[in-house]
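Chemist: Each chain is listed here by its residues.
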Amino acid sequence: MQKFFRRNFAGYAFLSPWLIGFFLLAIGPILASLYLSFTKYNVVRPPQWIGIDNFVYMFQFDQRFYKALQVTFQFVVISVPLKLIFALGVAMALDKGIRAIGWYRALFYLPSILGGSIAVAILWRQLFNYDGVINSILRLFGGDGPYWLADPKFSLWTLIVLAVWQFGSPMLIFLAGLRAIPQELYEAAEIDAAGPVKKFFAITVPLLAPVIFFNLVLQMIEAFKSFSGAFIISGGSGAPLDSLLFFTVYLYNEAFSFLRMGYASALAWVLLFIIAAFTAIAFWTSKYWVHYENERG
Amino acid sequence: MSKLTRRTFLGASGSVLALAAMGRPAFAQAAEIRHFWWGNPERDKRTFAVIDIFNTKNPDIKVTGETLGFGDYFTKLTTQIAGGNMPDVIQQGYGVLFEYIANGAVVPLDDYVGKSLDISKMDQSAIDAGTVDGKFYALSIGANSHMAMFNTRLFEEAGIVPGTDFDPYGYTYDELAEFAAAIKEATGVPGTDDNTAGYQNFSDFVVQKGAMLYNEDGSYGPTQEIVEEYWSTWEKIRNAGGTPPAPESAGLAGVSDLAQMGVVTGKSAMSYLWSNQLVGLQGLTEDMLGAAMYPNTPDMVPGSIVQPSQFVCLTRDSANPEAATAYMSAFVNDLDMTAVLGLERGIPSQSDVRAALQPKLTDVEARSVEFFDKIQGKTAVLPPPPPSGSNEVEQTFQRLAVNVLLGERSISDTASDFLAQAKAILARA
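Chains P and R, in that order, give the protein sequences.
The UniProt record's numbering numbers the first residue of the first sequence as 1 and each following residue consecutively.
The UniProt record's numbering numbers the first residue of the second sequence as 1 and each following residue consecutively.
Cβ pair distances, simulated, as ranges:
1. R/Thr152 / P/Phe73: 46 to 52 Å
2. P/Phe154 / R/Ala424: 29 to 35 Å
3. P/Phe86 / R/Asn55: 55 to 61 Å
4. R/Thr56 / P/Gly102: 54 to 60 Å
5. R/Gly159 / P/Phe154: 37 to 43 Å
6. P/Ala93 / R/Gln224: 56 to 62 Å
7. R/Asp417 / P/Pro17: 48 to 54 Å
None of these hints come from the bench; they were simulated from the model.
A quick note: this is a predicted structure, and the numbers were derived from the prediction, not measured.
Heads up, the beta-carbon is just placed ideally off N, CA and C, and yes, glycines get one too.
With the hints as constraints, model all of the structure from the sequences given.
Modeler: Here it is, written out as C-alpha cells:
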C-alpha cells in the first residue's frame, strides 16, 4: 500500500486539482441532490425526510410537470432533427472545396459560440417582439406579423429557430466526417450513372452514420437541458400560458421562486432518468442503422 | 528588489481582498456591513449616496451596498440564506417578511432599541407593523398604497380633466372604460393598461366586493363570482377599446420592471403600481405623471390599503449587529441621509423626517404627499399578513389570466381552475 502510494503519488498530485473539483463540485452536489429529492427543503429550515412523497405528487397531481414534459419533448423532437439536417446541408455545401473555407467555417460556427449566451436570448426577444425586426420586415411586404412571443402558438417556434441557428458544432463534426469518405466511392457511383440523390442515400448517409449518431445523441442531450433561451424569452416563468415551460425552467422556478429545493431535486433526477432512457434507446436503435468501418458483418 | 516588494504588496493586497470577500473585517477597527436592497436606477443612486454619507460620518463602520431588480432579489437572497452569507442588512416587503421571521432568517431588534437603534421618533403604527408576537423585527422605511399613474399630457390632449371628467380618488370601472376609449380615440394611445392579469388590482377588487383576499383561517377569500366579475369587468373595458391589444397585455403579465410599464413605453396612458414607485417611474418618463387611486365599483367600498412599503431588517448572518443596527438607525433617522432618500421608498414613518422633508419636496414628491392626504379615509383596514404560498397564488393568477386575455378559455372555466389551483397551493405550502 505504502509502496503503491509512493509510486503513484506524483500522478495523483498532478490529478488533484481535477479530483478535488470532481468530488467537491460534482459528486458532492449530485449526492446531496439525491438526498434532497426525498425531503421537503425550503432552504431556511433544515430538510425534512418525506420519503417518496415528492415523486408521488409529481406523477399523480402535478399538471405543470406534465406540461413541462410536453413542451420539452416537443422542443427536442422538432429542433434536433431540424438542426442536424441544417448542419449537414451546410457541411455538404462547404465540403465542395470553396476558397477561404476557413473563414466560412468560422463564420458558421459563430452562432454556436454566441447562441447559448444571455445576450443572444435578449437579442432574440428584440427580434421577435411585436415591434421587433422580424415584424418590421414583414410590414415592408405589407404583412402584419403576429405576437411571436406573447402568442402560445408561436412562442416555442422562436426558440426552435434559435436552436437551429446554433448549428455550428454539429456542422464542424459533419464536415470532418464528410472529409473521411473516400472520393473513389463517389467516382465509382458516377461511372454507374448514380444521381446526386442516389449518391447521398447510398454513400454519404451510410458512411456518415456513426457521425450522425454521435451528433444526434449529443444534440438530444443538449436540447433536453436547454435553459437560458427559454428562461430569458419567457421572462423566467415559461410564459405565455406555459408554452415555454421547459423542464429546466420549471425546475428552476420550483427551486428558486417557490423554495421547494427538495421537489426541484426530485425533478432534476427525473430529468436525468429521461435523458438516460432516451440515450439508451438511441444506442439500442443504432445497432440497426449505424455501421462502423471496422465491423464485420 | 523592486520586483520583490511589488510582489509582496500584490500578495498582501490579494489576501486582504480575499478576507473582505469572505465578509470578515479586513481591519480590526472597521466593521464591514453589507446592505442589500431591490430597486430601480433612481433608488440605487440615492441609496449609494446615502451609504457614502454614512461612511464619511462613521469612519469605524464601512457599509457597502448591493442591489438587484425585484425579480432577482429574493432568488439571490435565498441562495445566500443557504450559504449562510446573507448581507447584514436586507430590504423586506410586507408579506414575505413574515416568512423570513418565522424561519429565523431575520432576527429581533429589541436588544438594540435605545442603544444602537433609535426608534423614538417612529410612528406607533409603523412599529406595530414591524412587530410579530411582541418582538420588534423590522424598521419601516415608508408607507405605501396602490396608485394609478397617468400621463397628464395624453389626458390633456384628449380633454380629460382630472377632477372634472373623473374623480381621481373615486371613479368607477365604467367611467374608466369611457375615458380610456376617449383617450385612444383622441391620441391613438390606449387610455389604460389592461389589468386582467394584474393581481394588485384584483386584490383591491376583492375587498371592494366585501370579501377578503385571505380569510382569518388563512384560506383563500375570493369566490367564483368575484373572480368571474373581475375578469368580465376588464373584458368590458377592453371591448370599449381603451386598452392595448390583448396579446400586448398578455406579454406583460407578471412583469414588474418599471421600464416596461405602458405609461413608460408609451403604449398606454395609465399604469397601475405602488405609490412609492411614482418617483422612480417619473424618472423614466418625459411627460408629467398624475396620480389616481385604482378604479372602484359604484358602491365605492374602499379596496386599497396603506401598508409599509418596505422594511430594513437585520439578518441572522450579521457578524456585527451593533454596527449594522447603528447603520439601520441612521438610515431612517439621520436627517442628512433621509433628505437624500426623500420619498422614493414611500412616505417616511418618522415625524421629524417628514417635517424636515416638507419644505424641500420636489415636484413629484409633492404629488406623492398630496395623494396620501387625499386617500385618507378612502382606504381599507390592513389585513393580517398573507400566508406562505401567497406569492405562488399570485403568479398562478397572472399565468391563468392570459387564457382570458387571449380568449383561449372561457372566463368561468379559468376562474374555477384558478380557485382550485389556489386552494391546492395553500394546502401544499
